[in-house]
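*Asks:* Work out the full structure: start from the sequences and follow the hints.
There are 2 protein chains.
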Amino acid sequence: MSDTEGDAPQSDQELGITESKEYATGDWYAEVVQKAELASYGPEGMSGFIVTRPRGYALWERLQGHLDAMFKETGVQNAYFPLFIPESYLEREKDIVEGFDPEVAWVEEAGTEELEERLAVRPTSESIINPYLSQWVRSHRDLPIRVNQWCSVVRWEATETKPFFRTKEFLWQEGHTAHETRDEAWEETLTRLDQYETLYEDVLALPVLRGQKPEHDKFPGADTTTTVETLMPDGKTVQGATSHYLGTSFAEAFDITYADEDEDQKLAHTASWGVSWRALGALIMTHSDEQGLVVPPTIAPEQVVIVPIWQADTKDEVLAYAEDVADALDEAGLRVELDDRDTRNPGFKYNEWELKGVPLRLEVGPAEVDDGEVTAVHRPDGESVTLDRETVVDETRAELDAVYAKLYAAAEDHMDGEIRDAESRDEILGTIGQHGGYVRAPWCGEEACESEIKDQIAAEIVLVPFPEEDDYHADGGDEDGECAVCGEPAERTAYYAKTY
Amino acid sequence: MSDTEGDAPQSDQELGITESKEYATGDWYAEVVQKAELASYGPEGMSGFIVTRPRGYALWERLQGHLDAMFKETGVQNAYFPLFIPESYLEREKDIVEGFDPEVAWVEEAGTEELEERLAVRPTSESIINPYLSQWVRSHRDLPIRVNQWCSVVRWEATETKPFFRTKEFLWQEGHTAHETRDEAWEETLTRLDQYETLYEDVLALPVLRGQKPEHDKFPGADTTTTVETLMPDGKTVQGATSHYLGTSFAEAFDITYADEDEDQKLAHTASWGVSWRALGALIMTHSDEQGLVVPPTIAPEQVVIVPIWQADTKDEVLAYAEDVADALDEAGLRVELDDRDTRNPGFKYNEWELKGVPLRLEVGPAEVDDGEVTAVHRPDGESVTLDRETVVDETRAELDAVYAKLYAAAEDHMDGEIRDAESRDEILGTIGQHGGYVRAPWCGEEACESEIKDQIAAEIVLVPFPEEDDYHADGGDEDGECAVCGEPAERTAYYAKTY
Chain A
0 MSDTEGDAPQ SDQELGITES KEYATGDWYA EVVQKAELAS YGPEGMSGFI
50 VTRPRGYALW ERLQGHLDAM FKETGVQNAY FPLFIPESYL EREKDIVEGF
100 DPEVAWVEEA GTEELEERLA VRPTSESIIN PYLSQWVRSH RDLPIRVNQW
150 CSVVRWEATE TKPFFRTKEF LWQEGHTAHE TRDEAWEETL TRLDQYETLY
200 EDVLALPVLR GQKPEHDKFP GADTTTTVET LMPDGKTVQG ATSHYLGTSF
250 AEAFDITYAD EDEDQKLAHT ASWGVSWRAL GALIMTHSDE QGLVVPPTIA
300 PEQVVIVPIW QADTKDEVLA YAEDVADALD EAGLRVELDD RDTRNPGFKY
350 NEWELKGVPL RLEVGPAEVD DGEVTAVHRP DGESVTLDRE TVVDETRAEL
400 DAVYAKLYAA AEDHMDGEIR DAESRDEILG TIGQHGGYVR APWCGEEACE
450 SEIKDQIAAE IVLVPFPEED DYHADGGDED GECAVCGEPA ERTAYYAKTY
Chain B
0 MSDTEGDAPQ SDQELGITES KEYATGDWYA EVVQKAELAS YGPEGMSGFI
50 VTRPRGYALW ERLQGHLDAM FKETGVQNAY FPLFIPESYL EREKDIVEGF
100 DPEVAWVEEA GTEELEERLA VRPTSESIIN PYLSQWVRSH RDLPIRVNQW
150 CSVVRWEATE TKPFFRTKEF LWQEGHTAHE TRDEAWEETL TRLDQYETLY
200 EDVLALPVLR GQKPEHDKFP GADTTTTVET LMPDGKTVQG ATSHYLGTSF
250 AEAFDITYAD EDEDQKLAHT ASWGVSWRAL GALIMTHSDE QGLVVPPTIA
300 PEQVVIVPIW QADTKDEVLA YAEDVADALD EAGLRVELDD RDTRNPGFKY
350 NEWELKGVPL RLEVGPAEVD DGEVTAVHRP DGESVTLDRE TVVDETRAEL
400 DAVYAKLYAA AEDHMDGEIR DAESRDEILG TIGQHGGYVR APWCGEEACE
450 SEIKDQIAAE IVLVPFPEED DYHADGGDED GECAVCGEPA ERTAYYAKTY
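Chains A and B, in that order, are what the protein sequence lines are. Position 341 of the first sequence, counted from 1, bears residue number 340 in numbering that gives the first Met the number 0, the numbering being contiguous throughout. Position 325 of the second sequence, counted from 1, bears residue number 324 in numbering that gives the first Met the number 0, the numbering being contiguous throughout.
Because the hints were derived from the structure by calculation, they are not lab data. Keep in mind the model is a prediction, meaning the values are calculated, not measured. Where hints are given, some of them may not hold.
One copy or two, it doesn't matter: identical chains are merged, so the pair holds either way.
No farther apart than 25 Å at their CA atoms in a straight line, the calculated lysine to aspartate or glutamate pairs in the DMTMM-like style are these [claimed, not checked]:
| hint | residue 1 | residue 2 |
| --- | --- | --- |
| 1 | K235 | E451 |
| 2 | K93 | E107 |
| 3 | K161 | E115 |
| 4 | K71 | E60 |
| 5 | K93 | E112 |
| 6 | K71 | D338 |
| 7 | K161 | E113 |
| 8 | K71 | E322 |
| 9 | K497 | D288 |
| 10 | K71 | D323 |
| 11 | K265 | E36 |
| 12 | K71 | D329 |
| 13 | K71 | D326 |
*Replies:* Structure representation (structure tokens):
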């Protein structure tokens with residue numbers, strides 16, 4: 000779409016999705032994002048940027064609301080750190096990490112000044128947050144400290160833009176915490192991973208696998224990177240969110256120390272964790288279809304749309320009935336829209352609200368009025384259910400739950416069917432090549448074995464189970480086996496997949 | 000404060016505010032901001048930036064919560080536009096406005112690229128939002144359209160930093176709307192001004208004056224700029240928020256047109272409106288004192304702190320009683336903190352929570368336990384009230400309301416006493432010179448008359464009443480008079496003041 004093309008649908012035809020989800024997933028996804036009015040592409044000269052339109056931003060706000068509430072219940076405080084980071088601050092991090100230099104946008108001139116030191120537009124905020132944690136933490140009484148910020152970050156990646164999945168500026172949250180001991184920091188890491196899992200499974204209706212990244216693919220400087228992964232319909236995995244136990248490496252680099260109860264100076268153990276709007280990309284891509292957007296009621300801007308169906312002689316009666324139903328649902332706290340436009344026929348309205356992803360449609364015509372009923376239609380599959388007007392609030396809630404369960408079950412069935420085992424290099428290559436999805440295989444732990452797969456089909460090890468859940472790990476089980484690639488003794492189970 | 004100095008108070012002495020609010024307002028303000036842990040100064044090399052600490056950000060989140068709810072109830076949708084704006088987009092605005100060029104931070108290099116066109120870090124978003132409104136609006140059915148974003152903006156001002164009042168990066172919201180007619184856009188402008196007034200008066204406990212900016216001080220390109228102004232303790236006014244009716248000038252520049260019911264193409268009328276975290280600056284400066292931060296319960300992170308007072312033999316009993324009270328208040332939805340630290344004595348706790356601005360302290364000792372009572376102490380003035388344990392929830396709510404009323408009344412008394420009339424140039428100069436505050440005087444409407452005052456004492460016309468409320472305006476009243484400065488016939492009432 001060019002930046003001068005209008006987006007508002009003006010006719011039935013413009014409402015339709017024309018691309019195939021199965022055969023042209025990328026094009027179909029881009030079409031859904033635009034026609035459902037979630038996002039527009041950025042201005043000319045700013046490829047890689049998107050404008051998040053109200054219907055897209057509303058999804059982000061609800062995601063934020065759910066996650067932020069979980070954070071606050073567990074001791075997290077929000078804060079706001081500057082957008083810019085002096086180059087020398089970024090450099091300081093280089094002792095431990097590769098850094099984001101090749102992807103950084105730099106400000107060298109501001110106002111009428113040539114700056115003495117150039118400033119990075121934050122690609123992530125470790126290097127500016129940690130020096131402040133160092134200031135704020137003196138004693139064990141100041142720990143744990145948990146700060147989080149909701150903000151945008153900029154990473155100048157050259158790859159093709161995919162709204163929400165890959166953009167040069169993206170919205171995310173980044174949490175940074177410091178603790179007295181390894182155990183506390185590790186518990187923090189897992190608490191956040193659990194919350195991300197809850198976000199995906201209980202809010203976005205997306206099942207996830209959870210585990211660790213292999214050693215060679217950890218966040219730079221981290222002791223352990225944990226991840227939740229979810230599978231897209233085209234068989235590629237999305238890294239849904241990561242939570243890192245950073246050991247004491249960042250505390251060393253940034254001098255985050257505290258006086259313990261005996262007044263001895265100790266290094267803090269730190270953790271960091273984040274999720275970006277890529278979660279919305281996974282949401283949209285998984286549930287939507289060739290009628291447009293599909294989202295679960297947990298996060299939908301409107302949960303219910305009521306479409307009244309009238310002739311001239313029944314209009315007043317039907318509309319009054321529909322309004323009563325709308326009021327009842329609204330009072331019960333449901334997000335309901337009554338589409339009483341005169342200028343559109345019911346068929347157009349069905350199409351438009353299907354495109355926009357409203358989970359449940361309630362149809363009200365003269366027959367429903369006569370029978371004291373309401374016809375409910377599930378967005379994902381068009382299943383139709385008759386509700387009793389008297390109990391319409393409770394029944395609507397039940398239907399919304401049913402829609403949620405249906406979306407989750409479909410995603411779960413898909414994922415469960417796409418985890419396959421392999422015992423040889425050729426089997427890994429062949430299985431991913433043919434089916435996509437995850438291939439589970441015993442692994443010696445060497446990056447070289449992953450490289451052999453990566454070089455051939457661009458699949459990589461996206462996850463290894465936690466040691467205690469890994470049959471091939473000394474702590475997890477007694478399974479003996481051989482690395483599927485090199486034949487050396489297996490030390491972990493590896494999940495290979497292609498990635499977004 | 001240097002960026003390596005710690006902030007956490009370690010002793011009674013460090014808790015104290017050492018500067019005088021009356022005699023060193025600026026230093027006192029900076030000390031309150033830091034010791035109450037609201038903000039720290041930015042890193043070396045980034046003067047003009049601040050780090051908003053959790054206790055400061057919590058104030059902003061509550062302000063956002065209140066205002067965003069008002070916006071959403073009145074048809075506003077949030078969105079998110081890119082952080083960067085291509086230079087050519089900013090240029091496009093130059094037809095109508097001076098622009099922010101001298102204050103812009105520029106990105107010319109990103110990743111490994113030298114950019115073809117340099118990108119501005121947004122100083123405000125008119126120039127990127129309006130082109131999208133132009134795309135999204137085709138028909139009268141698409142109007143009104145109201146988008147708002149909560150974001151940070153960067154303006155490279157060279158003046159001295161004052162946290163929240165004046166920083167190179169600041170948080171704000173900017174709303175941009177388009178309408179069919181002048182009347183609708185003007186109504187929008189006033190709706191937002193009303194909401195800002197509500198924010199100040201009902202949430203921040205700050206009385207405001209409302210009106211317009213003089214013609215020569217309007218937002219560039221605007222037809223009318225409306226404002227709410229609030230008076231600081233040192234007699235300077237703060238522009239609290241502005242709401243602009245932009246006429247059709249922006250619609251012309253950015254081609255925001257719509258087909259009306261007859262399919263005729265019409266120019267939209269637009270409005271924009273915003274408030275920044277300067278509102279927090281006004282809040283902090285007005286209410287706080289030489290014991291530290293004072294904020295009203297509407298916006299306080301903790302509304303109530305309970306300090307138990309025990310000896311070894313009464314500890315269990317006192318603590319159990321205090322916990323019961325805390326639970327009761329918490330269950331009633333109040334934000335309550337029980338300070339049960341063993342390591343601090345009650346006096347230290349009083350000082351610390353006074354510094355941090357908790358509006359109401361509840362003291363519980365053996366006497367309170369015996370009598371089934373709780374002692375409540377108002378933060379602003381130390382007034383002490385005995386509450387009955389049986390009705391502690393309702394009585395606490397009443398005391399919080401009393402604290403709010405007390406703060407508002409004090410600010411209102413101050414402002415009311417600082418509005419003085421003048422009838423001559425010398426009287427304007429003398430009155431502001433001696434007292435500060437607002438001076439109200441008949442005005443001919445010419446900028447030259449303001450300049451005479453401005454040149455002498457750096458006071459300016461910060462507000463003129465709306466025409467219908469202005470005795471000197473043809474539409475407002477029949478008052479005849481002469482401009483206090485030049486003696487020509489008065490056409491408006493001018494409020495002169497020094498400004499933040």
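*Asks:* Indicate which option fits the pair K71, E322 if close means a Cα-Cα distance not exceeding 25 Å: within, between, both or neither.
*Replies:* Only across copies: K71 and E322 sit 21 Å apart there, 38 Å inside one copy, limit 25 Å.
*Asks:* Can you give me the call for K71 and E60, within, between, both or neither, at a CA distance of at most 25 Å?
*Replies:* For K71 and E60, both the intra-copy (16 Å) and inter-copy (13 Å) Cα distances are at most 25 Å.
*Asks:* Are the CA atoms of K497 and D288 at most 25 Å apart within a copy, between copies, both, or neither?
*Replies:* The answer is within: 22 Å in one copy meets 25 Å, while 60 Å across copies does not.
*Asks:* With identical chains treated as interchangeable, where does the CA-CA distance between K71 and D338 reach 25 Å or less: within a copy, between copies, both, or neither?
*Replies:* between (37 Å within a copy, 19 Å between copies)
*Asks:* Is it within, between, both, or neither for K71 and D326, if the alpha carbons may be no more than 25 Å apart?
*Replies:* Between copies, since 18 Å is at most 25 Å while 33 Å is not.
*Asks:* One pair to classify: K71 and D323, alpha carbons no more than 25 Å apart. Within, between, both, or neither?
*Replies:* Result: close only across copies, 23 Å inter versus 37 Å intra.
*Asks:* Go through the copies and call it for K265 and E36: within, between, both or neither, with a Cα cutoff of 25 Å.
*Replies:* between (52 Å within a copy, 24 Å between copies)
*Asks:* Are the CA atoms of K93 and E112 at most 25 Å apart within a copy, between copies, both, or neither?
*Replies:* Cα proximity of K93 and E112: across copies only (22 Å, versus 28 Å in one copy).
*Asks:* Could you place K161 and E115 in one of the four classes (within, between, both, neither) given a Cα distance threshold of 25 Å?
*Replies:* Answer is between; shortest inter-copy Cα gap is 22 Å, intra-copy 36 Å.
*Asks:* At most 25 Å between alpha carbons: which applies to K161 and E113, within, between, both or neither?
*Replies:* Cα proximity of K161 and E113: across copies only (23 Å, versus 35 Å in one copy).
*Asks:* Can you tell me if K71 and D329 fall within 25 Å by alpha carbon in one copy, between copies, both or neither?
*Replies:* Result: close only across copies, 15 Å inter versus 28 Å intra.
*Asks:* Which holds for K235 with E451 at a C-alpha limit of 25 Å: within a copy, between copies, both or neither?
*Replies:* So K235 and E451 pass the 25 Å test inside one copy only (19 Å; across, 70 Å).
Figure legend: structure checked against the earlier numbered hints; every hint is met.
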